[in-house]
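Asker: Below, each chain spelled out in residue letters.
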Amino acid sequence: MPKKAMDILTESMFYVLMALSQGAKCGIDIADYIDHRTFGRLQIGPATLYTILGKFEKERFIQEVFVEGRKRTYQITEKGHIAYLNELARLKQCVADAAAAEGGYLNG
Amino acid sequence: MAETKKKNHTVYRLPPCPIYDVEGTESWLSDLAQEGLMLEKDGFFAGFMSFQRTAPRAAQYRLEAIQKLSGLLSDGDETPSDEVLELSEKYGWEYLVKYGDFHIYRSFDFPARELNTDPDVQAMALNEVRKRQRNAAIWSVIYLIILLFCSLYQQPLLSAIAIGTPCVLLFATLIIWAEIGQLVTFLHLHKLHRKLKETGSIDHKKDWKKKAAAHHVEKILYLCLVILVLILTFQACTSSVMDEGEISLEDYSEDPPFVTIADMDPTGKYSMQELSYSNTVKEWSDWIAPSNYEWHEYASLITDDGTISGPLSITYHETVHPWVARLIAREYLIDAQKSQHFHLMDLQELDVDYAVAYAPSPTVLLQKGNIIIRATVYFNYEDGSSLYQQWAELMAQMLQQTKPEKS
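Protein chains in written order, with the working numbering: chain A, 1 to 108; chain B, 1 to 407.
Hints in this document: simulated from the structure, not taken from any laboratory. Be aware that a few hints might be false.
Which residues of chain A face chain B? A partial, calculated answer using Cβ under 7 Å [what the hints assert, rightly or not]:
no., residue
1, 28
2, 38
3, 40
4, 44
5, 46
6, 50
7, 51
8, 73
9, 77
10, 79
For glycine and all other residues, C-beta sits at the position ideal for the given N, C-alpha and C.
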């Protein structure tokens, strides 16, 4: 069990960081990116998205870069990028472990 | 349930569950939509919700926890930012109103993309509300403790006797009620947070009717209590300002249960000074002190030993129990000690439970059984010799004759 909420990122959080690691975006663009990237598999709700953005900004994973009309644009920080890469490594390890387990099962 | 119709078909309803009952409120609003009552934009004021009467239609409502601390989601006035509104509208959700720590959204689209798609993140948002409630509860308890602590160094019993013990008790009940309310809110949010973490969802079709009657009764009781406290406080204030119950000594024919200037020498020639505003008496009753007097006398008395002249102020309480009288004596003394020139004065041994005399104003404090009396004895002989000791002795004798309850 993680002691802090941000020790392990949820899927939604991971995709938000992924979206921002591809460049600065506003909330609507982040939602569109996730829809597009996952082919609609992961649908992120507005409340979820803006709670994540609020939490990330508080944790300094992202920062607001400019406001244009109704849109606020955010970019990922170094701390956020490290968190994203750490989570990516963890997920890769999970997949590698699963593949090894699957291989062992098949071989057995 | 209260219902009022207006020309524009606006209907007002009292929510059947507390604000923090997210599941109950969402379910209730959705049920009302099925009856043709649609929550109006900004339709929440003074505990009531306003609805537009339309054709019955299925609608889903969602309560979203406000993230006050981030400053990201709002434009400073706790309403959702334009960007949040735009994205919500894109997925079929209309923002309606701020409701306590929540924003209410509505959607007529089925299925609409949920506002919350990640239960962990929703739990995180709810946790912010829970933390705010916890902090508010902690601060109010700290404030209450400080208040209680300070009141011990003020005059809680004397204030209760002056304002009225029922009013003070009702006010204390209100405070305790509010404290318990905050605790219940915190526990409910904690339960909801845990449910989200464990099951990953909340119930959007909760049976809100089960506890609706109890909630309404609680609200009505609380409102009655608030009104009662306001009325009693108003009465106490007006009574104090208008000097209600205070009468001139010239019109007072009773024999007070304490020593007055005339009692210093019953054979002397007594004459009241023509200062009617300072020759008054007030009698009143209270739960913890059934008999109370405020006595202000300004008189002269010609005796064989000389002329006594000056004012006498007495506060007399006959309490329900000797320990109440002793506590009141303590309150009087603590209050007197706040004076920069406070010092104890000599006082002979008296047959009472507690006796003390102090300056700057020559004041005698006597307690015997359930009677406590404080007298500021300004009057003296022409040569300036003080008479507080004689007054105290006579008063002690009178108390002995009244045979108050033993302490």
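Asker: Could you check the structure against the hints above and give me the numbers of any it violates, in ascending order?
Answerer: 2, 3, 8, 9, 10
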